[in-house]
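Student: Could you put the whole structure together from the sequences, leaning on the hints where they help?
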Amino acid sequence: MGYKLAGFNHLGGVEIDPKMAKVYQKNHQPKHFFLEDIRDFNLRENLPEELFDLDILDGSPPCSTFSMSGHREQTRGKEKIFKEGQKKQILDELVFVFCDTVEKLLPKVVIMENVPGLIAGKAKKYAIEVYDRLNNLGYKVQLFRLNAATMGVPQARERIFFIARKKQFNWDDLELDFKEPPIYFGDVVEKNATSHKPLRDSIVKRRPFVQYGDQNLKFADAKYRNLTTFNAFFSTYVIYDHIVAPTLTSSGANVYYNEVRNLSDTEYIRISSFPTDYDFCGTDVRYVCGMNEQAEKGFSLRHQKEQLENYCNQNGYTIMAHFQDDYSAKNFSARPEFQKLLRFAKANQNKVDTLLFLKWDRFSRNIEAAYRMILANELLEERCKFYNHLYSNSHIIQGDITNDEVYNKIDYPIIGLLQHEQAKA
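Residue numbers (the working numbering): 1 to 425.
Treat the hints with care, since some could be wrong.
With beta-carbon atoms standing in for the labels, derived distance ranges [said to hold, decoys possible]:
| hint | residue 1 | residue 2 | range |
| --- | --- | --- | --- |
| 1 | K4 | Q324 | 42 to 48 Å |
| 2 | T318 | N9 | 57 to 63 Å |
| 3 | C281 | P336 | 17 to 23 Å |
I should point out that these hints are in silico values taken from the structure, not numbers from a laboratory. No residue lacks a Cβ here, since even glycine has one placed at the ideal position from N, Cα and C.
Tutor: Structure below.
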């Protein structure tokens, strides 16, 4: 959209996610569009000639593995199914695959955007490799860390940008020092909105414990559960009129303090600086505007239940009962839903063969500790034997769950399989 406003002609694009591709094509009508993995695009031999005479090649390789939230070090370098097209792939390779695209097309200018995590911790080596790769291709490379809030956008969205320009042009270095006045949420709020989604019950229960000025619900959660530790609800943000809205992601939650509600689609569109007539083609507005971190699919309770049902169907299990909980905490054994599960298992111990847990982190942050607590639980006693089966996406990992080396190989979602043994006569 920004390129159009600046007078550029939009020639084409490559997108692996069908939903995003549909939205992209509907709103921009690119002359050449490729719905495929960029690796496949790079293998094409009969591309239009005009793609080899580009002024600007702009790319945003998926950033899930570099994000500062989640399990970025554990997912680095591993083949997984991420939301970006739901194709099994190693996402941290894509910054270099994009460099392959640069080498193929050799545009005058290259812009690559990613999350700040790309220049933090162990990920710095990736940034250095990208810099060296572009430099060796004949580009003068500059790296910028920019915040949209200083650029006239009502969102504090920070990203890094590699801007590479062909050395042959001998252009002066760019100086990007944006100082636009902040646009606060109160400037874009939809007062008395009715189109927002209802707050989750777990958030409603904690809202009375929020103190004015809290950035998220971690303190409210601790007060609600009478704890002194803060280990949950970090990504449930509290939005005030006097602040710039935080980075919008496609997961987590944003609660408007003044009206105690979720943000509306109109507000998501405004803080993302999308035009009011943008056609989202029926796709969730937040998915399009956020498009980073974790998407709902794979993390929502609905999809987790679907995964359990599919797993049971594939492995011949008959589901007797389903229990669900919607937040993580260490003291899971005292929670009502878990107690209901235990009561059901005890009352039906001659009928129940297996207890399946999807996303075991919902019950405990530490799997080793969770394992010990289960074995120590008096309600299950010795009738419960842990078979050490951990289901991660499309494969099963077997091993000692108390072994840190094994645990570090396990990513979300997780299914722990508990099998009851019949008491010997």
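Student: Taking 42 to 48 Å as the stated bounds, is the beta-carbon spacing between K4 and Q324 within them?
Tutor: holds (45 Å)
Student: Between C281 and P336, is the Cβ distance one that fits in 17 to 23 Å?
Tutor: The hinted range 17 to 23 Å is violated for C281 and P336, with Cβ atoms some 41 Å apart.
Student: Can you let me know if the beta-carbon spacing of T318 and N9 is within 57 to 63 Å?
Tutor: holds (59 Å)
Hint compliance for this structure: hint 3 is the single one not met.
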